[in-house]
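Quick note on numbering: the sequence shown equals residues 1 to 264 in our numbering.
Hints listed in this document are in silico derivations from the structure and should not be mistaken for laboratory results.
Some clues are possibly wrong.
[What the hints assert, rightly or not] Capping the alpha-carbon separation at 30 angstroms, the derived lysine-lysine pairs in DSSO-like fashion look like this:
1. K140 - K173
2. K48 - K24
3. K48 - K203
4. K140 - K246
5. K140 - K256
6. K256 - K246
7. K42 - K173
8. K42 - K24
9. K140 - K242
10. K203 - K42
11. K140 - K203
12. K256 - K242
13. K173 - K24
14. K203 - K173
15. K48 - K140
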Amino acid sequence: MQKAYSIEVLDHPGLTLSGDEATKLQDSLCQLGALCFNPLPKYQVFDKESPDAMDNKVIAVARSGDEIIAFLSALWLPITALDRPLLHSGLTVIHPAHRGSGISLDLFAHLFLHLIGSHPEGFWMSTLAAVISSLANVSKYTTRVFPSPEWSGRPSAHHLALAREISASHRDKMLVSPGAVFDEDAFVFRSAKDFAGGEALLKDVDDQSNWHRDREASAFFRRLLRPDTGDEVLQISFLDPKHLAKHMRSQRFAKKYSQRAGKL
C-alpha cells in the first residue's frame, strides 16, 4: 500500500526561497534524480552550475513526510509566435517505489490548477517525451493536441510554427541533441538523446509498464517512435480550463479535485 503524500507547487523557488532553502531543495531533487538516472544529467534543476537552475522553474513537489518522492519541474518559454510564453512541461521524476501509483497525474493536476489561477484564459504548452503513458495523458487532459489519436492529418500552421521555434531556439531547455532531426510530419525529434551520457535517459518504448491503460492511444504513440534510438515526441497542446475542469469533476478525480475545479 502506497503511503500518503502531499503536493506543493513552488513558483520560481530560486527567487522566492532563501539561498539556503533553495540549495536544500535542489540537493533533495538531485538526490531523488540520482536514484532514477545514472549518470545524473547536467540538466534543468540538476545543473548546480547554472545560476538560474531554480529561478525560472515552476516545480510541483510531492513529499511523504519530509522525503521528496516525486517532482515535476516545468518552465515558461518565450515564443515569438505567441503573445505570451508557452509552458514546457519539463522534467518529471518519480521515486521507483512510487511509480504506477498515479502520482504523476497528481503532480500535473496540482501544477495546472495552480497555473490556471493566474492564467484563467488557458495557455499553450509543449511536452517532450518517449514515455507513452505521459503522451496519452496529455492527449486526454489538454486540447488541440498534436500529435494525438484524435487529430488526423498534418499539424496546423500554428502548431508547426510553435514546434519550429522550439526546435530552433529551445533544444537546450529540453536536452535535445543539436544533431537531432525534427520530423515535421510526426513531430518527433529523431535521436534526441544522441549525446554523451544520453543513454541514461533512453526509454524502452516497448515496455508496456510505461503504456497507458488506453491501449489504442498507446499503440498510436508507439508507432511514432523507433526503439533504442532516443526518439522523443514533441506534443503541442492548449490547456483549456473548462476542459480540465470537466476531467477534475469526473468520477476518477472528483474526490480530490472537484471543489477546486468548481472555481474554474
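Inset, instruction - Measure nothing beyond the straight line between the CA atoms of K140 and K173; if it is 30 angstroms or shorter, mark the hint as holding. - result: Given that 30 angstroms is the threshold and the Cα spacing comes to 25 angstroms, the pair holds.
Legend entry - Distance restraint between K42 and K24, which requires alpha-carbon spacing of 30 angstroms or less: Since the Cα atoms of K42 and K24 sit roughly 18 angstroms apart, the hinted pair holds (cutoff 30 angstroms).
Inset, instruction - Could you grab the alpha-carbon distance between K48 and K140 and see if it respects the 30 angstroms cut-off? - result: Violated, because 35 angstroms separates the two Cα atoms, which is more than 30 angstroms.
Inset, instruction - For the pair we were handed, K48 and K203, check the Cα-Cα distance against 30 angstroms. - result: Holds: K48 and K203 sit about 25 angstroms apart, inside 30 angstroms.
Inset, instruction - Below or equal to 30 angstroms on CA atoms is what counts here, so check K140 against K203. - result: holds, 22 angstroms
Legend entry - Given hint K173 paired with K42 - CA-CA distance at most 30 angstroms: Status holds; Cα separation ~11 angstroms.
Legend entry - Proposed proximity, K242 with K256 (alpha carbon, max 30 angstroms): holds, 17 angstroms
Legend entry - Holds or violated: K48 to K24, with C-alpha atoms at most 30 angstroms apart: holds, 12 angstroms
Inset, instruction - For the pair we were handed, K203 and K42, check the Cα-Cα distance against 30 angstroms. - result: It holds: about 18 angstroms lies between the C-alpha atoms, which stays within 30 angstroms.
Legend entry - Pair hint K173 and K24, alpha-carbon separation not exceeding 30 angstroms: holds, 23 angstroms
Inset, instruction - Could you grab the alpha-carbon distance between K256 and K246 and see if it respects the 30 angstroms cut-off? - result: Within the cut-off at roughly 13 angstroms; holds.
Legend entry - Holds or violated: K203 to K173, with C-alpha atoms at most 30 angstroms apart: holds, 19 angstroms
Hint check: a violation occurs at hint 15 only; the rest are consistent with the structure.
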